[in-house]
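Trainee: Here is what each chain is made of, one letter per residue.
2 protein chains.
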Amino acid sequence: MNIVLLSGGSGKRLWPLSNDIRSKQFIKIFKTRDGSYESMVQRIYRQIKAVDEDARITIATSRAQVSSIHNQLGSQVGISVEPCRRDTFPAIALASVYLSEVQGVNPEESVVVCPVDPYAEEEYFQALKELQQQADKGEANLILMGLQPTYPSEKYGYIIPADNKKVSRVLAFKEKPDAKTAGEYINNAGALWNGGVFSYKLGYMLRKVHEMIDFDDYNDLVRKFESLPKISFDYAVAEKEEHIQVMRFPGQWKDLGTWNTLTEAMEEHCVGNATMDDGCDNVHIVNELEIPILAMGLKDVVISASPDGILVSDKDQSSYIKPFVDKLEPQSMFAEKSWGSFRILDVGSESLTIKVTLKAGHGMNYHSHRNRDEVWIVIQGAGQAIVEGVTREIRTGDIVSMKAGSRHRVIACEELQLIEVQLGRDISKNDKQKY
Amino acid sequence: MNIVLLSGGSGKRLWPLSNDIRSKQFIKIFKTRDGSYESMVQRIYRQIKAVDEDARITIATSRAQVSSIHNQLGSQVGISVEPCRRDTFPAIALASVYLSEVQGVNPEESVVVCPVDPYAEEEYFQALKELQQQADKGEANLILMGLQPTYPSEKYGYIIPADNKKVSRVLAFKEKPDAKTAGEYINNAGALWNGGVFSYKLGYMLRKVHEMIDFDDYNDLVRKFESLPKISFDYAVAEKEEHIQVMRFPGQWKDLGTWNTLTEAMEEHCVGNATMDDGCDNVHIVNELEIPILAMGLKDVVISASPDGILVSDKDQSSYIKPFVDKLEPQSMFAEKSWGSFRILDVGSESLTIKVTLKAGHGMNYHSHRNRDEVWIVIQGAGQAIVEGVTREIRTGDIVSMKAGSRHRVIACEELQLIEVQLGRDISKNDKQKY
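Which chain is which? The protein sequence lines are A and B, in order.
In the numbering used here, each residue's number is its place in the first sequence (first place is 1) plus 112.
In the numbering used here, each residue's number is its place in the second sequence (first place is 1) plus 112.
Calculated from the structure, these hints are not laboratory results.
Heads up, some of the hints might be wrong.
Remember, identical chains collapse to one label, so a pair may be satisfied in a single copy or spanning two.
Mimicking DSS-like on lysine-lysine, the simulated pairs with C-alpha atoms at most 25 Å apart in a straight line are [stated by the list, open to error]: (1) Lys143 / Lys288; (2) Lys140 / Lys449; (3) Lys124 / Lys411.
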């Protein structure tokens with residue numbers, strides 16, 4: 113199975129655990145059988161491999177997520193990197209050309225596209241295989257998955273099928289309706305939710321892309337990507353396609369886009385350092401800070417704490433978080449990188465103190481800063497510091513001092529933890545010259 | 113007026129803002145007219161001075177609070193330092209001997225004793241003066257303040273007066289009763305709350321202390337303090353005194369011992385970096401962290417965050433916090449000192465990173481550590497570092513490295529901020545040799 117996972121934007125609705133740098137897909141929140149935690153993207157990857165160990169998985173995403181994907185899934189996954197965000201049609205166009213040119217997938221092979229954030233069980237992944245098999249048959253150009261509605265949601269678009277068979281012709285699409293209209297669609301027309309899951313033969317999509325976008329090859333499409341209009345796949349392709357079918361999926365499926373739905377999928381009420389008293393009812397706590405959280409006498413509340421901030425919200429109310437988060441200071445205090453992670457410890461008027469953790473065998477790029485001096489103090493591990501071309505072995509207790517302008521990098525031989533103090537008047541992450 | 117403020121223990125009921133090092137009395141939570149914030153101890157000090165600018169104020173407390181008192185009130189306040197905690201009678205005994213021997217107060221002068229944590233207005237402080245004037249008259253040896261009950265509380269002891277005049281003879285004391293019994297005391301006997309406020313002539317108390325404790329002078333009492341039994345003033349003195357009166361106080365008075373009562377006294381719903389949506393009703397947030405708190409759709413909830421932890425509690429439920437806090441890790445991440453403050457930034461397996469802020473003109477004592485190296489990086493300000501007798505001027509960007517065993521201190525010429533990284537296997541605050 114060729115599968116493209118659309119890994120979307122910043123996920124502000126799951127603040128403070130997701131931010132511009134770390135999206136909700138990468139939060140390790142689901143307990144696995146061995147007691148460790150996995151993220152949405154790790155869970156879906158594991159579930160796909162469980163139904164098809166030969167599945168070719170490609171993640172369509174932005175540059176900002178590449179490090180997190182490599183950290184969490186290793187390098188065996190394909191990544192179609194969008195130079196900027198341009199909605200689902202350009203994303204699927206780029207991923208399709210990537211599959212053809214970079215991965216060498218035959219145009220006769222079918223591709224399944226689905227979002228990275230549904231929370232589902234094995235039956236859903238079996239259904240993805242059936243979707244691909246239906247596309248293989250060639251009865252239609254596009255096969256959509258139709259999710260059996262559990263309530264008249266206002267959050268989804270609806271697909272009106274021609275009949276109530278497992279696979280039906282699509283009669284019409286309906287934009288997100290109000291609850292009353294949604295109820296009528298469901299009761300009178302057997303309408304199904306459109307969860308953005310579909311399958312097609314790669315050759316079909318390549319023809320569509322070439323019809324709509326003027327480009328030569330993959331590299332040319334990457335270059336032109338920023339100039340493409342923001343247009344959804346449904347609007348650009350699905351709603352205009354005459355040879356289109358829908359396949360019913362009656363099983364369990366959750367879209368983990370809000371704290372309310374996310375906590376429903378959590379097996380444990382507390383993740384991280386947290387305590388609640390017996391007076392708490394339907395409370396979930398996700399604490400990524402080292403300090404303890406104590407919850408007492410609360411009902412239907414989600415508490416989430418990260419170095420970015422602390423949310424305490426009534427669960428229903430948590431769906432309306434986005435405008436509040438937009439107003440908060442955007443500074444992100446924690447980030448995962450391909451080489452490890454960093455955490456901001458202190459923000460001074462002319463200083464910034466961070467803790468840097470490098471994974472064994474990894475290093476930062478060789479770089480310098482124009483406007484700041486830096487000091488490293490090794491608090492754990494061993495490695496090499498290279499400053500202005502001079503290599504020095506470093507280990508716990510060593511101090512490395514770098515003046516503004518001097519080129520430097522560090523490589524971890526074993527896991528290496530540094531306290532880095534940045535000193536200067538204009539400390540900015542943009543003040544970085546790579547070599 | 114001579115007034116002794118009893119400044120009690122660790123105040124775990126106001127966790128995470130109060131801890132073993134910083135008690136609730138020192139939390140800056142009350143907004144003043146000029147827009148800044150003051151603590152309980154600053155507020156009560158200001159209020160006493162407003163009714164009697166010549167008041168001689170003595171705080172009876174433990175060594176752990178001395179730095180905070182000097183930070184918040186300066187050096188004009190007297191402090192009777194208890195070598196350890198031994199309940200209210202030994203505390204009042206020591207404070208009385210301190211007033212006589214250290215402060216030279218005449219035995220004929222009256223003294224008012226009251227707890228440091230009531231939240232009251234000017235009328236209460238006027239009533240303290242009246243209490244002292246009543247003691248001056250010499251009609252009785254001990255004059256208690258009787259607080260007019262507002263409900264049949266189970267939290268207080270009760271005083272039964274002989275009649276309903278403003279000043280009455282005390283007929284009896286009643287230990288903390290259940291609510292039903294408390295109602296009967298109030299309705300049938302005109303009982304008053306015993307808030308631990310009273311006045312006496314210093315000579316009377318000195319005689320009582322010498323009757324009950326065998327000691328020579330103030331220094332001898334300090335030495336013997338640890339051997340004294342833990343006994344309350346009510347039990348040791350008040351309940352046995354025949355010449356005892358109660359003076360009614362019918363005005364506003366709140367005991368700020370729990371989050372529920374404390375938040376009732378707060379003028380603002382948010383202190384610190386906090387946002388709440390319109391769906392929040394009767395919610396208070398006190399945030400001492402730099403990261404934002406967002407509260408949505410909550411009712412009757414208190415949220416408090418400090419470097420020690422995060423509390424989210426239904427207000428009524430918050431009275432039952434103590435056993436939960438007892439179970440939490442006791443590590444305190446922030447402390448005020450006479451020379452400034454420190455905050456723990458990172459706890460490693462063999463390292464500890466802290467931010468130290470020294471006030472201009474202040475310094476640490478000359479000291480050394482047996483088991484850890486230390487590194488200072490100056491991130492703001494200027495001062496002097498003295499290591500093994502060698503003095504060096506330091507300013508922003510300078511690095512000072514100290515091996516285990518080397519004596520060191522730092523003095524701030526202007527406000528000085530340091531990142532201190534401690535490195536070693538057995539990092540402990542007890543590993544400190546002073547010179």
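Trainee: Evaluate each hint against the coordinates.
Mentor: For each hint, the structure was consulted:
1. Taking the shortest Cα distances, Lys143 and Lys288 never come within 25 Å of each other, neither inside one copy (33 Å) nor across copies (48 Å).
2. With identical chains, the CA atoms of Lys140 and Lys449 are at most 25 Å apart within one copy only, with a shortest distance of 15 Å there and 39 Å across copies.
3. For the identical chains of this complex, Lys124 and Lys411 are neighbours both inside a copy (24 Å) and across copies (24 Å), given an alpha-carbon limit of 25 Å.
When each numbered hint is compared with the structure, a violation occurs for hint 1 only.
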